[in-house]
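Visitor: Here is what each chain is made of, one letter per residue.
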Amino acid sequence: MSDAIAGFLHSPLFVLPLNLAAFLFGLKLYRATGTALLHPIVGASALVAVVLLTVDIHYPDYQRASGLLYALLGPAVVALAVPLKQNLGIIRRAGWPLAITLVVGAALAPLVAVGFAMLFGAGHTVILALAGKSVTTPIALAVAEKIHAVESLTAGIVVFTGVVGAVLGPPLLKRMGIDDDRILGLTLGINAHAVGTARALEISALCGAFAALAMGLCGALTALLLPLLLR
Amino acid sequence: MRPRARPRQLVAALKQTIPPQLRELAHWLSGAAALAGCAVVGRWISALLSLPIPGSVVGMLLLLLGMMLYGGVPRGIALVSDLLLRLLALLFLPAAVGFYFLRDLNAGDWLGLLAATILGTLLSLTLCALLLKKLLESADARHNDE
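Protein sequence lines correspond, in order, to chains A and B. Using my numbering, read the first sequence as starting at 161 and increasing by one per residue. Using my numbering, read the second sequence as starting at 40 and increasing by one per residue.
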C-alpha cells in the first residue's frame with residue numbers, strides 16, 4: 161500500500177500537477193504583491209521544495225518525473241525568435257550605438273560576475289554557473305548543459321540576477337541622471353533578461369521593446385560565444 | 040423525409056460551427072510543429088557539425104531567419120510561442136527547485152555568488168547604460184552636424 165503511494169508520489173501523475181499548482185501559486189503571489197522581488201519562480205520553487213521535503217521525494221526523482229517540462233524548454237528557446245523578429249526594426253532605427261552596446265554588454269556581464277566571484281574566493285562550480293547569469297533562463301540552461309555547469313545553480317543565479325537588475329536598475333539609472341527609456345530598456349534586457357523585460361514593459365512600451373530585443377540578441381550572442389570561450 | 044433532413048441539418052450546422060475552430064486548431068498544431076521542428080533540426084545541426092552552440096539556439100536562429108524571409112510571424116507560431124513564453128517560469132521550475140538542494144558549496148562560494156550577482160549586476164548595468172548614453176550622444180551630435 162505504502163509502496164503504491166510512494167510510486168504515485170514519484171510519478172508524473174503527481175509531480176506535474178504539483179508543478180502546475182506551484183506555478184499558479186507563484187504567479188498569484190507575484191500579482192498580489194506586485195514586486196519583482198517575488199518573481200513567480202520564487203514562490204513556486206519554495207512551495208515545491210517544501211512539498212518534496214515533507215513527502216520525502218528526492219530531487220533527482222522529482223526531476224525525472226518533470227521530464228515533460230524539460231522537453232518543452234527547447235521549443236521555448238525557439239519561441240524567443242518571435243519577440244526578436246517583432247523588435248528587429250528597432251535596431252535598424254537606433255543603429256550602431258545599439259549594436260555596440262549589445263556586444264559589449266553581452267561580454268561584460270559574465271566577465272564582471274566572474275571577476276567578482278574570483279575576488280571573493282568562489283570555486284570552479286560557481287564560476288562556471290555564473291557564466292550564463294545575464295541571459296534568459298532557457299538559454300542559460302542550454303548553455304549550462306554545453307559547458308557542464310550545474311543547472312540548478314545556474315537557474316538560481318539567473319533568476320536572482322534578473323530580480324536584482326529589475327528592482328535596483330531603474331532607480332540606479334535615475335540617480336545617474338539617465339531618463340532615456342531606450343537606454344533603460346536596453347540595459348535591463350542585457351543585464352536582467354526576462355525579469356528586467358517585464359519591469360521595462362511596466363515603464364513604457366518603448367522601454368519594453370528595447371528590453372525584449374536586447375534580451376533575445378544578448379541570449380543568442382552569449383550562446384554563440386560562451387561555449388567557444390570556455391572550450 | 041424527416042430522418043433524412045436531420046443529418047443534413049446537422050452537417051450544415053457542423054459546417055457552420057466547426058471550420059473556424061478547425062482552422063484555429065490547425066493554426067495551433069502547425070505552430071507547435073514549427074517550433075518543435077526547429078528545435079529538433081537545430082539539435083541535429085548542432086550535433087552533426089559538433090557545434091559548441093546549444094541546438095535550441097540554432098533552432099531559434101533558424102526560425103528567425105525563416106520569418107525574416109517570410110516577412111512576418113505566421114499566426115500559429117505567434118499563438119504557440121506566446122503561450123510557451125507565458126509559461127516560461129513553469130518550464131524552468133524543476134531546474135530552479137534544485138537550488139534548494141545544493142549541498143557542496145562552501146562559504147567562499149556563497150560570498151562570491153552574492154558579490155557577483157548583486158555588485159556584478161549593478162556594475163555591468165551601470166557600464167552598459169553609460170556606454171549607450173555616450174554612443175547615442177555622439178550619434179546625435181554627428182546627425183546634427185550633417
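Don't take every hint at face value.
[Unchecked claim] What the simulated footprint calls covered on chain B by chain A, stretch by stretch (three residues with Cβ under 8 angstroms from a Cβ of chain A suffice, anywhere in the stretch; the number is not a length): (1) 58–66; (2) 82–92; (3) 105–112; (4) 121–128; (5) 140–146; (6) 154–163; (7) 167–175.
[Said to hold, decoys possible] Derived Cβ-Cβ restraints for the label pairs, each shown as a range: (8) B:Q48 - A:L180: 39 to 45 angstroms; (9) A:H284 - B:R114: 43 to 49 angstroms; (10) A:G227 - B:A72: 16 to 22 angstroms; (11) A:L180 - B:R114: 24 to 30 angstroms; (12) A:A164 - B:W67: 24 to 30 angstroms; (13) A:H284 - B:W83: 27 to 33 angstroms; (14) B:L141 - A:S162: 26 to 32 angstroms; (15) B:A72 - A:P172: 20 to 26 angstroms; (16) A:P172 - B:W83: 36 to 42 angstroms; (17) B:L61 - A:A164: 28 to 34 angstroms; (18) B:G110 - A:G281: 36 to 42 angstroms; (19) B:I84 - A:L389: 18 to 24 angstroms.
To be clear, the hints were calculated from the coordinates, so they are not data collected in a lab. In this text, a Cβ means the ideal position worked out from N, Cα and C, and glycines have one as well.
Visitor: Count the residues of the segment 167–175 of chain B whose Cβ falls closer than 8 angstroms to any Cβ of chain A, and tell me whether that reaches three.
Guide: With 8 residues closer than 8 angstroms to chain A, the segment 167–175 of chain B meets the three-residue bar; holds.
Visitor: Could you tell me whether the CB distance from L180 (chain A) to R114 (chain B) stays inside 24 to 30 angstroms?
Guide: holds (26 angstroms)
Visitor: Should the hint that P172 (chain A) and W83 (chain B) are 36 to 42 angstroms apart at their CB atoms be regarded as holding?
Guide: violated (27 angstroms)
Visitor: Are three or more residues of the segment 105–112 of chain B within 8 angstroms, CB to CB, of chain A?
Guide: holds (count 3)
Visitor: In terms of beta carbon proximity below 8 angstroms, does the segment 58–66 of chain B have 3 or more residues touching chain A?
Guide: violated (count 0)
Visitor: Do the beta carbons of I84 (chain B) and L389 (chain A) sit within 18 to 24 angstroms of each other?
Guide: holds (21 angstroms)
Visitor: Is the hinted range of 16 to 22 angstroms satisfied by the C-beta distance from G227 (chain A) to A72 (chain B)?
Guide: holds (21 angstroms)
Visitor: For the hint 20 to 26 angstroms, verify it against the beta carbon of A72 (chain B) and that of P172 (chain A).
Guide: Check passed, 23 angstroms falls within 20 to 26 angstroms.
Visitor: Note whether the CB distance of L61 (chain B) and A164 (chain A) lies within 28 to 34 angstroms or breaks it.
Guide: At 42 angstroms between Cβs, range violated.
Visitor: Is the gap between the beta carbons of A164 (chain A) and W67 (chain B) within 24 to 30 angstroms?
Guide: violated (37 angstroms)
Visitor: Are L141 (chain B) and S162 (chain A) spaced within 26 to 32 angstroms by their CB atoms?
Guide: holds (30 angstroms)
Visitor: If you count the residues of the segment 154–163 of chain B with a beta-carbon closer than 8 angstroms to a beta-carbon of chain A, do you get 3 or more?
Guide: holds (count 10)
Of the numbered hints stated above, those contradicted by the structure are hints 1, 12, 16, 17 and 18, listed in ascending order.
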